[in-house]
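Input sequences plus hints: build the corresponding full structure.
Chains A and B supply the protein sequences, listed in that same order.
If you count by the working numbering, then the first sequence holds residues 1 to 755, one letter each, in order.
If you count by the working numbering, then the second sequence holds residues 1001 to 1288, one letter each, in order.
These are calculated hints, taken from the structure and not from any lab test.
Don't take every hint at face value.
[Claimed, not checked] Computed spacing ranges between beta-carbons, pair by pair:
id	chain 1	residue 1	chain 2	residue 2	range
1	B	Lys-1154	A	Gly-219	48 to 54 Å
2	B	Ser-1022	A	Ala-511	48 to 54 Å
3	A	Leu-679	B	Ile-1142	54 to 60 Å
4	B	Gly-1021	A	Glu-247	51 to 57 Å
Where is the CB? At the ideal position from N, CA and C, for every residue including glycine.
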Amino acid sequence: MALDDTKTKDFKFVGTRPERPDGVDKVTGRAKFGADMTAPGMLHGAILRSPHAHARILSIDTSKAEALKGVKAVVTRADFSTNPTFGPGLTGEPWNVLENVMAGEKALYDGHAVAAVAATSALIARDALKLIDVTYEVLDHVTDVDKAMAEGAPVIREGAADKSVPAGMHPNVVRYHDSGHGDVEAGFAEADLVLENSFKTEATHQGYIEPHACLGSLGNDGKGELWCTTQGHWYAQKMCAALLGLETSQLRVTASEIGGGFGGKTTVFIEPVALALSRKANKPVKIVMSRSEVFRATGPTASTSMDIKIGMKKDGTITAASGVFRLQGGAFPGAPCEFTAMCAFAPYALENVHQIGYDVMSNRPKQAAYRAPGSPMAAFAVESVIDDLCKELGLDPIDVRLKNASHKGTKASFGPRFDDIGLVETLEAAKAHEHYNTPLKEGQGRGISCGFWFNHGGETAVSLALSEDGTAQISVGTPDIGGSRASMALMAAEELGIPYEHIRCTVADTATLGYNEISHGSRVTYASGLATIKAAKDAVNKLCKRAAQKWGIPEDAVKWEDGCAVPSGANAGDFDPLPLAKITANMGATGGPIVGHFEATPEGAGVSFATHIVDAEVDHETGKTKIVRYTVVQDAGKAIHPTYVEGQFQGGAAQGIGWALNEEYIYGDDGRLQNAGFLDYRIPLASDLPMIDTVIVEVANPGHPYGVRGVGETSICPPLAAIANAVSAAAGVRMRELPMSPPRIVAALKAAQDG
Amino acid sequence: MQYYSPDSFSSAAEIASKAQGSIRFLAGGTDVLVQLRSDIFTPDTLIDIKKAEGAKSIERTEDGGWRIGAAVAGAEMSEHAELKNEWPGVVEAVDLIGSTQIQGRATLVGNLCNGSPAADSVPALVAADARIVVQSLSGERIVSVMDIPKSPGKTNLEKGDVVKAVLLPTRAERSGDAYLRFIPRSEMDIAVAGCGVWLQLDEQGVVSAARVSLGAVAPTVLDVDAAAKAIIGTKLDDAALENMAAVASSACNPITDRRGTVEYRTHLAGVLAKRAAKIAYTRAGGSQ
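Shown next, in the form of C-alpha cells:
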C-alpha cells in the first residue's frame, strides 16, 4: 500500500534523540505500575493452583475458607460465564481463555488456577487458600512435544482439533499448516549437497520484570472498572466482559505503566478473577502474582521439534528447502506453528520450498506471544543447516545469504511477493562492518544469521487535542512498551511544527478512544504512528481553516509551514504567518476546540529483516559459553527515535542470548515445573552480556508516511541461530538443541570425542 | 510465631532449649526470611542472634588464627584486609554468595547451618580446617565443620545448640587456600559443583600437606583425602593434577536436578579441583 503523502527526508524532529517523557517518573518511583494502585475498602485476592500436571477435579470444598475471619469471597469456575456459544478449538478462544483463567472439569497443567479467595489482607487470603479442599483424580500427563503427538499419549482434550488436521493424527494435534511452492524433490536432485537434520528448542518465558497485577471493581449492576498491567486494555475489556457475561462498554479498563511484556501481557490471567471476586464481595479486589505464579501459569513461548532439509549447489545457490515444525503450546490450541513455518525460509528467494507446521497440546501452561512468536526457533534450525552447508562447501556465510536473499518482487516462501525490503542492505552492512572483518582470537567462533518477521498493522484510533497555550496532547490506545510516547510526540512535532517538549502523549483508557488492538506485532510506531501523523494532519487542516476564516480567504488558499498558517501563494493574499498558539488562544470563540482524529486498520506494516554477527568462546572443560562480541544490523525503515530503536535491537539480542544459552522450562517426571523463579530460570545478567553494537539500516516502508517498519520483534529472530553457529564453531561440534547449557555442551564434546 | 532477640548466646541457647515446635535462628535472614516470605517455612520460634555478644566481631585468636562471629556479614569479611590476606579462599567463597545487597546480610554461619549441599563457604571451611564453636545449656564445645551437615537441609545440631562462631587456624608458612565453584552465569547463582583446596609446600615447592573438599556433588560436603594424597609429594605437575581430578570425580555421589546432571557434576568436580589447586599452589608461593 503506497501512500500519497509520504515524507522521507528533511526531517526536523524525526530521527533526533530527545529525552524520554517517562524517564523521570520511572527513576523517581512516580510511575504507577500494575501493583501500585489501591482503592478504598480494597480486598486482596489470591489464587489456588493445581499441584498436578493433569488431574480431574472431583470436588472443591470452599466452606472452611469461607468461614475464615477476613475472607469476603471465594470463587470457582461456577462464578464465570456459562455462555454456551463458547467451545474448544482456536475459534473458541474466549472459551480457551476462560478454561485457562479458571479450570473447569480438569486441571491441565501444574499451576492451573482452580479457585480464588478475596480477603481483607494478602496474608489472610494466602492462608485461606490452604483451607480449600480439592479432590483430584490424577491422570497421566505429557509435556514433551514429540511424546504428546505419539500414539498412546494422554489426550488433553478430545475434539479440540480443527479441520486442517489430517485424519489419523493424535487428538493432541489441533492445527496443521502446509505451504510452499515449486517441486522440492526436483530441487534436491539438482543440488550438489543436501543436508538434513533435526532440532529442538525448549520453552522460554518472556521474563518481564513486573509480575501481572490488577485492581478490579465490579458491581452486581454489571458496571465495572479495571486497572491492570497489559499490552492491550481493549482486549482485556472485551475478554473480561465475555468471561463474566458483561456488556463490553460497561467495563472501563485503564492500562498502568508496564514493566515489560514482550508479548506475554497480550492476554488476561488474573483480571477476570479479580472482577469475579469483586462482584461477589462487592468490594474492589487487587491481585498481584508472585514470580512463581508468573512462571507456572502465564505464557511462556512454545517448545519445538523441527526437521530441516536444504539442498545447495557448489556456488551457494539453494535449490530446495523443506521443513517440518512441531510446536507445543500448552494445554490449549494456539502454538504459532504457521508463523514458524512461514518465517523459516522467508529470507531466501527459493524456487522450491515446502513447510509443514503442527500445533500440539500438552500439559503445560497456555503459551503466549513472545516477540515474533515462532520465528526465532525456525531461524535456529534453518540457519544452522545453511551454516553447515557453507562450511562443507567452503563458502562465506554472508556471500551465500546474499546470493539467495529475498528482494523486492521475490515470491516469498509463504506466498505473496515482497515489496521494498531491506535484507540485502543488512547483509551488505554486516559484510562491510568492522566486526565481520576482525580476525577471531584462538578458541573463538563466529556465527551469522538472518531473521524475518511479518510485522502488523491492526485497529488503531488516535486523538490529538490542542490546548489554548499552543501545546498538544495526544491520546493513543497502545500501551507504551518500547518508547512509543516519545516517538508519537516526535511525529506530531514534525507535522504540527511545534517543539517535542510541547507535546504530551498519554495512553488513554477504553472509555476515551475507539478500539485499539494490543501493542503487539511491532505495530505501535507503525500504526499508532501513522494514526498520530494523520490526526495531526487533521488538526492542521482545522487550524488552516481558522486562519482562512480570519483572513477571509478560501480554505485551500492556506497551507501549514513550520508551525504557522501561511497563504499558499502570492495570489492568496499578503498575510503574516499565523503561529499555532495564536490560533488556539481564542479557538473557543472561532469555532470551538481543535482536535484531530484518525481511526483505521492500516495494512501496510511492511516486513522486516535483520542480520546478526556473534563471536563466542567456549570453555571446553566446563562447557560454559561467553558471548564476546555481538552486532545487530536491522532494517528499521525509518528510525523515529534512534536510541529506542537501538534499545529494541539490543533487547532482542539480550533475550536471544538467554534463550540460546541457559533459559528453559524444566519439568520433573511428575510434570511439575522445577524452576519457577529467577534463581534457576537463568536469564542473562548484565555481567553475562557484551556491549551489543547496532547498525540501523533504513529502507523506507511504502506503507507508512515516513517509511517506518516495526523493530520490536525482528531483533529476536536471528540470535538463536547466530549464537548456535558461533558456539558450534567455537566448540567444534554442532549444537542442535537449545538451550546450549554447559552440561549439554560437555555431553556433545564427549560424544564427539567418543566418536 | 514468637520472636526473640537475646543479648548473649547462652540466653539464645536457653530460649531454644525451652521453645516448643520449630525453631530458626535469624542472622542475615537471607535464607530464613526468604522461606518465610515465600510461604515455604514459617517457624514457631525465631531467635535473632545479631545482638548476642560477639556475634558481629572478627577477632584474632590467641594462637594467631581468627574468630568470626555468627552474625558477621560477607561484606565485613571481604573488607577485612588481614583476614582476606590470610584466608583468601574462605573469603572469596563467602563473597560468591548472592549479590552486593545479599553480601550486606549473608553470614558464614548461616550458610553452614542452612544445610545446603551447595553452600559455597562450607567446602572452603573444610579445606581450611576451620572449627565451629557451639553453645548449649551445658556450655561451649568446639567441633569440626564436617560434624555439622547431616543431609540436605539438615544439621547434626541438637535442640538448644546455637553456633556462636567459626575459628580459622593460623595460616601456616608456605600455605595457601582457594575455592572455585561453577555456575552457568557470571554471578547470582547456586553452585553446580564447588571445590576448596588448601595446601602447604616445603622449601623446594613440593606439596607437603593438603586438603581437598567438594560441594554440591553429594548430600553433604566431602573431604576427599584421596585427592589430597594425589598431590602431596608433587609440584602439581600435569600427571598429579589429572590423578587428583580423577580421584575427586570418583568421590562424587551427586544427583541430577535443574542445576546439573550426575555425569556433569562428577566431571566438573575434577575440573574445579585442578583449577583450585593451581590457585592455592600459587598463593602458597609455588611456581609451576
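Going through the hints against the structure:
1. B:Lys-1154 with A:Gly-219: 48 to 54 Å: 53 Å, holds
2. B:Ser-1022 with A:Ala-511: 48 to 54 Å: 52 Å, holds
3. A:Leu-679 with B:Ile-1142: 54 to 60 Å: Hint violated: Cβ distance 34 Å, outside 54 to 60 Å.
4. B:Gly-1021 with A:Glu-247: 51 to 57 Å: Holds - the Cβ-Cβ distance for Gly-1021 of chain B and Glu-247 of chain A, about 54 Å, lies within 51 to 57 Å.
Violation of the numbered hints given earlier is confined to hint 3; every other hint is satisfied by the structure.
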